[in-house]
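Visitor: The chain contents come next:
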Amino acid sequence: MKIVVLVKQVPDTWGARRLNLDTGWLDRGGSEAVIDEIDERALEAALAYQDSNDAEVVALTMGPDSAKDMLRKSLAMGADSAVHILDSRLAGADLAWTARVIAAALTKLGYDLVIAGNESTDGRGGVLPALVAEHLGVPLASYLDSVAITADSIAGERSTELGTMSVRAPLPAVISVTERTAEARFPNFKGILRAKKKPVTVWSLDDLGADAAASPVRSVVLATSERPARSAGTQIVDDGTAGVELAEFLAARHLI
Amino acid sequence: MFILDEEQQDLVDAVRDFANRQLAPHAVEWDQAKFFPVDVLREAGGLGLGAIYAHEDVGGSGLTRSDAALIFEELARGDTTIAAYISIHNMVVWMIDRFGTDEQRRRWIPPLATMEQLGSYCLTEPDAGSDAAALRTTAILDGDHYLLNGVKQFISGAGASSVYLVMARTGEPGPHGITAFVVPAGTPGLSFGQNERKMGWNAQPTRQVILENVRVPVNHRLGEEGGGFVIAMKGLDGGRLNMAACSLGGAQWALERTVAHLRTRTAFGGPLIDQQALLFQLADMATELEAARSLLRHAASSLDRGDADAVSLCAMAKRFVTDVSFTAANTALQLHGGYGYLADYGIEKVVRDLRVHQILEGTNEIMRLIVGRAIVEDAQ
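Note that the protein sequences, when read in sequence, are chains H and W.
Per UniProt numbering, the first sequence starts with residue 1, numbered consecutively.
Per UniProt numbering, the second sequence starts with residue 1, numbered consecutively.
Among the clues, some could well be false.
As the list claims (entries may be wrong) - Computed footprint of chain W on chain H, listed as stretches where at least three residues anywhere in the stretch have a Cβ under 8 Å from a Cβ of chain W:
hint: 1; segment: 70 to 82
hint: 2; segment: 192 to 202
Claimed, not checked - Interface residues of chain H toward chain W, partial, derived using beta-carbon atoms under 7 Å:
hint: 3; residue: Phe186
hint: 4; residue: Pro187
hint: 5; residue: Asn188
hint: 6; residue: Phe189
Simulated from the structure, these hints should not be mistaken for laboratory data.
Every residue, glycine too, gets a C-beta built ideally from N, C-alpha and C.
Can you make the complete structure from the sequences, with help from the hints?
Guide: Structure follows, in C-alpha cells:
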C-alpha cells in the first residue's frame, strides 16, 4: 500500500504569528517554521499502519525552500521518501489552486491512501482534503477522530454536533484526521541519521502539467488590518463564590 | 570550527523537543519529591539516549562524543539531574560495548539501549574515592564463578538499576589488580543502602551497593583480569565531558532565565536590565559559558579522534566547564534576588545540582592533577 501524507510547514504556534499587512500573506520570517502538529498526527496514522503492515509512506508538501527542513523531520519520523512541490509562482497560492497542484502531484505520484491533517494551524481553511478528493474523484472521510486502515479500505469515527458518525470507504481515498488521533512519535536518533539518505523529489509546476500550472480563478487579499489589542477581561478572585460568579457571567451572555 | 552540521542540528532539535515536553515541566516537582522518573527514561531510550555512542548492531545510536556533548547540553536545559543520570547510564553501556565480547554486548546492551533496563557504575567505595586504585572490594575466582565482597559508595541509580558495573580487586594492590564485572540485579548477596539525603541530584537515587558473597559466572567479567582500572578510567574520560555538558546546559538555561527576569523586573523606576552593573555580570556569564563550550567541544573532538592529549583535554574541560557553570548558575540565583531562592523558579535547583559536578567523576582537584602531570610529562 502506498500512503501519501500531506504535510505543511507553518509558524510555530508557541510564538507570535503575523501576516504581512501589504500582501496579506503569512510573514514567514516572523517565527520559527515547523511541521504542523496536526500533520505529525496524520503521519503517525500512516506510520502506525506501516509498523505492522507492508506499506510505503511518502510525505508530500508544497511550500518554499525552507520546507525541506520539515520534510527531513517527516523522514526522520519514519516516512520512506518525500516530495517537495517547489515553485516561486506558487507563493501566496489560494486553497483552490493549492488543491489542484497537490492533486496533480498525487496523480503523478500514485497513491492508495492520502492522509492529511483536518486543518492547518495557520490557514485554518479545513477544506483542502475535500478539494483534493474532489479533483481526484475518490471518497473523502474528513475530520476523523480515529482511523482504521485495512489493505483495501479505510474506516473511522468523526464527531458531529449531534453525535458520532462511523464512516468507511474503499481505497483509494482521502482522509483527514483531528487532534484526537494518536500523538505523533518522536523522531529518534537512528531515524534522524537515516533521513539524510532517503530520497526527496522536487517538482516544479512545469513537472505537474498545464492544468496545475495555471489557476483559472484566484482569490486575492484586498485588505488586512492588525487585530486590535485584547482589552482587559473580567477577573474573578475565588473567595468561595467564584463558581456562582462564573455561572452568572456565562448565563448573562446566554452561553449556558 | 564549531558550526553544527545539518544532522547535528536535527539531533539537537529532537533532544530539545524531548527535554521541553518530557523533562522541563516536571524538573522542580521531581527534585522536590525525590522522584526518579523511570517511565520517562524509557521514553529517552526510545529517542536513542540509552546508548548514544554504542554500536548500532546492539541497539546503539552510533554517535560521536562531539554529538554527545551537544545532546547532554540540550538535555540538561530540561533537567540537569536526569541528564546527568543518563550520562552515567551511557558510561556503563559504552564500557560493555567497548570492552565486552560480542556475546556480552548482545546479552547486556539491547535492553540498556532502550532503557528498559538501567545501568549503574560502581567504582567509588566508602574509603576509596579519588584514590580509586586503593579500592578494597574483592573478587575471588572459585571454579567457574567469581565471589564478590565489598561496599560501593555514592552509586547513582542503585536499587533501580538492572545492571551494575562493579570494579573489584582480583589481584595485587594498586591499579593493576582491578577487574570489571557485570552484576545483574537480583543476584543473591547484592543489596543496597538507604537512599542518601543529598544537597542536589534529588531526582535520581544514590545508595550504597553492598556485595556479600555475590557469585557471578566467569563470563560476567569484562575484559581481562587486571584490566578493570583502564576500563574504569577510559569510561570516565567520556563521562567527564558529559558531566561538563550537563553543567553547561544547566548554566545556559539559568542565564537565559536571568535575562528574562531582569527585563521584566523593575526597581528604582526602570527594568533591572538597564542597570549596567547587572548587565556586565550577564556579559561575564555569557562569555565564560561560551569559552567553556569551546573547550568542551574541542575536548570532545579530541576524544573522537583519539588524540594523545585527549585525557588531559577531557580533564581540563571537566574542571573548567563545571567551575564556570556553577559560578554562572550561582550568579543567576543572585540576580534573581529572593525569587532565585524559591524552588518554583528552578534556579536554586540548578545551583544545587551543578555543585556536585565539581566533585564527582574525578574531583576538580584530581582534574588538576591529571592536567598538571601531563604538562610535566610533556616537558620531559
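Visitor: Confirm or reject each hint.
Guide: Verification of the hints:
no.: 1; hint: 70 to 82; verdict: holds (count 3)
no.: 2; hint: 192 to 202; verdict: holds (count 4)
no.: 3; hint: Phe186; verdict: 6 Å, holds
no.: 4; hint: Pro187; verdict: 5 Å, holds
no.: 5; hint: Asn188; verdict: 5 Å, holds
no.: 6; hint: Phe189; verdict: 3 Å, holds
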